[in-house]
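2 protein chains.
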Amino acid sequence: MQLTTISLEAPYLIYLGDVADELHAKTGMGIVYWRPERCVAQMRLPDCPVDLGLPEMSASEALAAGVKTAIVGVAPFGGTIPDQWLPQLTELAAAGIDVAAGMHTKLTDIPQLVAAADSGKSTLIDVRVPPGEIPVGHGAPRSGKRVLTIGTDCAVGKKYTALALHRELERRDIKATFRATGQTGIMIAGEGIPIDAVVADFISGAAEILSPDNDDDHWDVIEGQGSLLSPSYSGVSLGLMHGSQPDAIVLCHDADRREIDETGGNYPIPELDDVINEALLLARRTSPRCFCAGVSINTSKMSPPERDGYLSKLQRDLGLPCVDPIATGMTPIADFLLQNIQ
Amino acid sequence: MQLTTISLEAPYLIYLGDVADELHAKTGMGIVYWRPERCVAQMRLPDCPVDLGLPEMSASEALAAGVKTAIVGVAPFGGTIPDQWLPQLTELAAAGIDVAAGMHTKLTDIPQLVAAADSGKSTLIDVRVPPGEIPVGHGAPRSGKRVLTIGTDCAVGKKYTALALHRELERRDIKATFRATGQTGIMIAGEGIPIDAVVADFISGAAEILSPDNDDDHWDVIEGQGSLLSPSYSGVSLGLMHGSQPDAIVLCHDADRREIDETGGNYPIPELDDVINEALLLARRTSPRCFCAGVSINTSKMSPPERDGYLSKLQRDLGLPCVDPIATGMTPIADFLLQNIQ
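Sequence lines, in order, name chains A and B.
Here the first sequence stands for residues 37 to 378, where the numbers follow this note's numbering.
Here the second sequence stands for residues 37 to 378, where the numbers follow this note's numbering.
Simulated from the structure, these hints should not be mistaken for lab results.
Heads up, the beta-carbon is just placed ideally off N, CA and C, and yes, glycines get one too.
Please note that a few of the clues may not be correct.
[Claimed, not checked] Computed spacing ranges between beta-carbons, pair by pair:
1) D371(B) x L59(A): 31 to 41 angstroms
2) D371(B) x Q351(A): 20 to 30 angstroms
3) A56(A) x H174(B): 45 to 55 angstroms
4) Q148(B) x D145(A): 35 to 45 angstroms
5) D57(A) x G301(B): 53 to 63 angstroms
6) R294(B) x R208(A): 41 to 51 angstroms
7) D145(A) x H174(B): 27 to 37 angstroms
[Said to hold, decoys possible] Quick partial rundown of chain A residues pointing at chain B, CB under 8 angstroms, derived from the structure:
8) G175
9) D237
10) I239
11) L265
12) P267
13) S268
14) Y269
15) S270
16) G271
17) L274
18) I312
19) E314
20) L317
[To be verified] Heads up, incomplete: computed chain B residues facing chain A, CB under 10 angstroms, no partners named:
21) P118
22) G175
23) S179
24) N302
Construct all of the structure, not just a fragment, from the sequences and the given hints.
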C-alpha cells in the first residue's frame, strides 16, 4: 500500500440514510457485491426502503464488531449530506469509526462532523479529494504486468470490467490487484486515487504511483476513466493510460451508445477497430508491446439471440474476444490476455 | 475578457528584486519584449545587476504614473519570495498597486503582503492558481478561427512561436488574440489560464472558455503546453488540444533535442512527420478539418549554412513551411495558415 493513495480500513459499515431506492444505493450495493468480506454491518434511518442484507448495527455495536470505517453508500455523488443523516454519522465518528463519503460537499466542511471526529479520534475521508504530494510522471518502465480498461465513453463498464477481470484472475490463483481510479472503485477496493480530481500536471504521476513496481507475474488491473474520444475527459484518459504503462488494454463499450453522452450529437462513436488502433498507437508510447485483450460490452438491451449474433460478428470482425461481462463473463478475455502476454 | 480567466491590469511595473542575471530575469524581459506598451516602470534592490531599461520608480511614483500591477519578473518560478524583496513588495501593495507573481509559495500565504494589500485595497495575484468555476468541456463547435502551437517536448518554443505568429497576424491587420496557458504567457498577455494547474476533469473546459466564440475572421493564437509525446504531460496537451478545437496546429521543436527531457533516455522523439500525423489524428476529433500550418524550430546551435540546409531539407520532406522563429521569422507559416484555412 502506498502512502499517497486514499486508504479505507475494513471492515466496513455501509451507511444508507433514507436513500429512496436501489438505484441510488448502487455504491453500497457494489461494495457488498464485489467485497462482501469487507462488509459486516449496515445503518439506515427508520424509513429507508433499501436493505443490503447486512446486520443492522448501532454505532456502539459496530465498534464492538470491529468496524473501522462507515462508508456512505449512496449515489449519485454530488450534492451534500442531508441534515437528517447527520445525527447517525456524528454518532459513528464520535464512537471512533472513520466516516468516508464521495459527496460534493466535503465531510471535513461540516463542523458537527469535524467536532465528532476530533472527540472520537476518527478520520473523515472524502474520496473525491486526491492525496497530497503526487509527483510528476517520469515514464520509467516498471516491473510487473498491467491491464487497463478503456472506454468508448463514460459509464460503459470500465470499473465493472476491471473488477470482473480481477475476480477472474484471482479465481485462477493469479496474483492480481484491482487499482481504483474513481470514487466508487476506491470504496470497493479500500484504496486508490480519484484520478480525475488530480491537478492536470500530475495525472500520469498519479497513475504511476497507483500501479508501482511489482512481481513479474503480478497483474495490476487498472480501472479506466473517461475516454480518449471524449471532448470533455480525453486528457484524463491519456494521462492515465501513459502513466499506467499497460501491457494490455480491454475496450469497454455500450452496444446501445451511438455517440458520446452529453455532447449534443457532435461526437459519434467511431468503428471499434479504429478506436482500438488509435488507443494502441497512444498506449505504445509508454508500453511498446501493448495489445488489446478484448472488448467488454454492455448488451443489456438485447435479447439473448441478438446478443449472441452481435458478439459473434464483432469477434470475427475484430479478431478479439468480445463479451458481455455480466451475460457471458470475462473468461475469454482472461484467456486471451494470459495467452498473449510476453 | 472572460470572468473566469486570470486578469492583470496594465500598465505594469516590473519587479526584479536582486535577481542575479538576465537569464533569471527572462520573464520580465519577455514581458518588456512582447508587450512594451504595457510596461512603464521597473523596481529593483540597489545591488541588482539587471536593467530592463524602464524608468526606475518608487511605489508612490508608480502610483502617480498610473501603474496598476507590479509583476515579479523573475524566473525560474518555484521557490518563494526572498525576505529582502518583501519591504518593496509590501510598499507597492500598500500603495494600492496589485502584485502578481508565479512563485511556488503563494503571495496570499505571506501575511505581511496580505495585510498590505488589505490596507491598500490592492489584489495579490498568483498566476499559478487557476480561477474558480471552470466548467467541464462540452465540445460544441465554436465560431472564430484558432491555431494552437504544439511541441515535441516541453521548452521547445511553443509560447515564443505563438507570440511571434500573433505579432505577424497583427502586422497584417488581421484580428487576432494571443491566448496564454502558462504563467509567463499570462503575465505577457495580462490574461489567461494556467492550464496545467487546472483539475484534470476540467482541462478541456478551461481551454474552451479561454478561446470562446468569436468573429469568423478572428484568430485565437493559443499557447500550447507540454507534449502529446511526453509521458509526464500528455494529458494536459490532449485536453488543451481537444478543448481548443484548433483549425490549425504549428509544431514546435528544438533541433538539438533527441529525446524527451528528464525521462532518462526512455523516450526518443519520433520523426516529425509521424508526430504531425498523430497530432492531426487526435486534433480532428474536435476539429475535423485541422491541418498543420508549419514547423517552428529552435536552431540556435546551428551555423547559418547548417540551419539553411536543415530547414530546406525538412521543408521538402514535410511539404510544410519550416522556420526558426527568431532567425528566419514566422512569415512563411502565417502565409501558409491564411492560404489554407477554409
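Hint check results:
1. For the hinted restraint 31 to 41 angstroms between D371(B) and L59(A), the CB-CB distance of approximately 58 angstroms leaves it violated.
2. The hinted window of 20 to 30 angstroms between D371(B) and Q351(A) is violated, with their beta carbons roughly 51 angstroms apart.
3. For A56(A) and H174(B), the Cβ-Cβ distance of about 30 angstroms falls outside the hinted range of 45 to 55 angstroms, so the restraint is violated.
4. Between Q148(B) and D145(A) the beta carbons are some 29 angstroms apart, a value that contradicts the proposed interval 35 to 45 angstroms.
5. For D57(A) and G301(B), the Cβ-Cβ distance of about 56 angstroms falls inside the hinted range of 53 to 63 angstroms, so the restraint holds.
6. The hint said 41 to 51 angstroms for the Cβ distance between R294(B) and R208(A), and at roughly 44 angstroms that hint holds.
7. Checked against the hint of 27 to 37 angstroms, the C-beta distance between D145(A) and H174(B) comes to roughly 28 angstroms, which is consistent with it.
8. The restraint placing G175(A) at the interface with chain B holds, with a minimum CB-CB distance near 3 angstroms, inside the 8 angstroms limit.
9. Residue-level restraint check for D237(A) holds (minimum Cβ-Cβ distance to chain B is 4 angstroms; threshold 8 angstroms).
10. The beta carbon of I239(A) is positioned within 8 angstroms of a beta carbon in chain B (closest approach about 4 angstroms), and the interface hint is therefore held.
11. Evaluation of the L265(A) hint against chain B yields a held restraint, the C-beta minimum of about 7 angstroms falling below 8 angstroms.
12. Residue-level restraint check for P267(A) holds (minimum Cβ-Cβ distance to chain B is 3 angstroms; threshold 8 angstroms).
13. Contact between S268(A) and chain B, as hinted, is supported at the beta carbon level, the nearest pair being about 4 angstroms apart and thus within 8 angstroms.
14. For Y269(A), the suggested interface contact is upheld, since its CB lies about 7 angstroms from the closest CB of chain B, less than 8 angstroms.
15. Proximity of S270(A) to chain B holds as hinted, the smallest CB-CB distance being about 5 angstroms (cut-off 8 angstroms).
16. Taking 8 angstroms as the C-beta cut-off, the interface hint given for G271(A) holds, the closest approach to chain B being about 2 angstroms.
17. Interface hint at L274(A): satisfied, since its Cβ lies 5 angstroms from the closest Cβ of chain B, which is below the 8 angstroms cut-off.
18. Taking 8 angstroms as the C-beta contact cut-off toward chain B, the hint placing I312(A) at the interface is violated, the least distance being around 14 angstroms.
19. With 8 angstroms as the threshold, the beta carbon of E314(A) comes within range of chain B, its nearest partner Cβ sitting at about 7 angstroms, so the hint holds.
20. Residue-level restraint check for L317(A) holds (minimum Cβ-Cβ distance to chain B is 7 angstroms; threshold 8 angstroms).
21. For P118(B), the suggested interface contact is broken, since its CB lies about 25 angstroms from the closest CB of chain A, more than 10 angstroms.
22. For G175(B), the suggested interface contact is upheld, since its CB lies about 3 angstroms from the closest CB of chain A, less than 10 angstroms.
23. At about 14 angstroms, the closest approach between the beta carbon of S179(B) and any beta carbon in chain A exceeds 10 angstroms, and the interface hint on this residue is violated.
24. With its C-beta approaching chain A no nearer than about 6 angstroms, N302(B) sits inside the 10 angstroms limit, and its interface hint holds.
Checked against the numbered hints listed earlier, the structure breaks hints 1, 2, 3, 4, 18, 21 and 23; every other hint is satisfied.
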